[in-house]
Amino acid sequence: MADKLHFDLVSPERLLLSENVDMVTVPGKEGDFGVLAGHSPMMTTLRPGVINVDEAGKPQRRIFVRGGFAEVTPSGLTVLAEYTIPVEELDQARLDLEIGYAEEDVADAKSDDARLMAQEKLDHLKQMRHAL
Amino acid sequence: MASLKDLRNRIASVKATQKITKAMQMVAAAKLRRAQEAAEAARPYATRMDNVLANLAAGMAGRDDAPKLLAGTGNDLVHLVIVATADRGLCGGFNSSISRLAREHIYKLQRDGKTVKIVTVGRKGRDALKRLFGDKIVKSYEFTGIRSIGFAQAEEIAQAVLGMFEAGEFDVATIFFSKFVNVVTQVPTAQQLIPASVPAAGQGGVDLGGAVYDYEPDEAEILKDLLPRNLAVQIFKALLENVAGEFGAKMSAMDNATRNAGEMIKKLQITYNRSRQAMITKELIEIISGAEAL
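If you're matching them up, the sequences are chains A and B in order.
The first sequence stops at residue 132 when you use our numbering, and every number in between is there.
The second sequence stops at residue 1294 when you use our numbering, and every number in between is there.
Hints are supplied without guarantee of correctness; some may be wrong.
[Said to hold, decoys possible] Heads up, simulated DMTMM-like pairs for lysine to aspartate or glutamate below, C-alpha to C-alpha not over 20 angstroms straight-line: (1) B:Lys1031 to B:Asp1087; (2) B:Lys1179 to A:Asp108; (3) B:Lys1224 to A:Asp105; (4) B:Lys1224 to A:Asp112; (5) A:Lys29 to B:Asp1214; (6) B:Lys1224 to A:Asp108; (7) A:Lys110 to B:Asp1225; (8) B:Lys1015 to B:Asp1255; (9) B:Lys1114 to B:Glu1104.
Derived from the structure by calculation, the hints contain no laboratory data.
Work the whole structure out from these sequences, hints included.
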């Protein structure tokens, strides 16, 4: 492996992670995408999902994030997430809570657009629970 | 003149008060350090958010389809005033200076014929504004039971404000809080939240080395997603500054109180010693003159 990717994970309360890694997979709004060093600049919003941090060819860390966005610049990848929790600490109860939120969102949605988005989120979460 | 016993009681009571103010000062100092750390830890997120927003907003400026949160509703009739203060008193002029600034702002808006709605955060602000503008307060938040303010609280407020905005209940939102400069200085500040005041682009921007950002989904979509988040971040920042300011103000207020109590004890002690001496002298004179009379 040539270069390392500088990866920052920031929550509103503090800087959670700032390290050099090989690859990070981010759950973007329009699909998961992997970021390696030298990725072209881009910006996307996040959907609830899991960030995978790979180092030395192996997945090192898995972190569940909800709400926020990711920014790739030549200096590295920055993920701003409103809520983060390591996957190891994520259990059935926690996921159920998240699904509960998502269901509320679907019920509260005012427009069809918003409902569609909330529904997508909900489906994704249900998939994750299934996978767990 | 107060009797010796009265003076003794008085000294004891002032000493007890001094112990309390001293303890409060030390508690405030410890909490201040924590609050400052929290404020500092929250900075990276806010800074990056600002950068991204600045980049995006520059592209959207002047476009007709710019989101309302950025461009405003086009009206300037109903103003929402968010007043963020502390829940507790005993911190000098901290709460009253925030409410004073808010009060003046509200009076000015009313003179200009605007409608004012008020949201208070923190018990002291509500108490201060209830008497004058009781009918205008639409919502009040208190965080007395919460150990330290987190992003969840800021988000709660932001959601409520957004809901009101989407329902067309106001045009402009301003938040009043105290900016933490240092331990002894807190500056009451007004900051406009809606329409969002966005820092000028190009400041602190990232050098892309000639490359162009790929947006996914497109810029407008991201902006629509980002602006509500930014509102929560701004409120969160204001709340954190407030917490730090509150403890800073409390620390210096309690420091003053402790010093004043010390001076008072000194004065009372002198009065006590003098009157005790006077009493002894008087008794001696009585004995001597009694003995001479025999």
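**Prompt:** Are the Cα positions of Lys1179 (chain B) and Asp108 (chain A) separated by 20 angstroms at most?
**Reply:** Outside the cut-off at roughly 36 angstroms; violated.
**Prompt:** Taken at face value, is the distance from the CA of Asp108 (chain A) to the CA of Lys1224 (chain B) at most 20 angstroms?
**Reply:** holds (18 angstroms)
**Message:** Lys1015 (chain B) and Asp1255 (chain B) were given as a pair; does the straight-line alpha-carbon distance stay at or below 20 angstroms?
**Reply:** Distance of about 15 angstroms is within 20 angstroms: holds.
**Request:** Take a quick look at whether Lys1114 (chain B) and Glu1104 (chain B) sit within 20 angstroms of each other, Cα to Cα.
**Result:** This hinted pair holds, its Cα atoms lying about 14 angstroms apart.
**Prompt:** Given the hint that Lys29 (chain A) pairs with Asp1214 (chain B), does the C-alpha gap stay at or below 20 angstroms?
**Reply:** It holds: about 13 angstroms lies between the C-alpha atoms, which stays within 20 angstroms.
**Message:** Between the alpha carbons of Lys1224 (chain B) and Asp112 (chain A), is the straight-line distance 20 angstroms or under?
**Reply:** The given pair, whose Cα atoms are some 16 angstroms apart, holds under the 20 angstroms limit.
**Restraint check for Lys1224 (chain B) with Asp105 (chain A), where alpha carbons must lie at most 20 angstroms apart** = The given pair, whose Cα atoms are some 17 angstroms apart, holds under the 20 angstroms limit.
**Request:** Assess, step by step, whether the Cα of Lys110 (chain A) is no farther than 20 angstroms from the Cα of Asp1225 (chain B), and give holds or violated.
**Result:** With Cα atoms ~16 angstroms apart, Lys110 (chain A) and Asp1225 (chain B) stay inside 20 angstroms; holds.
**Request:** For the pair we were handed, Lys1031 (chain B) and Asp1087 (chain B), check the Cα-Cα distance against 20 angstroms.
**Result:** holds (15 angstroms)
Consistency note: the structure conflicts with earlier hint 2 alone.
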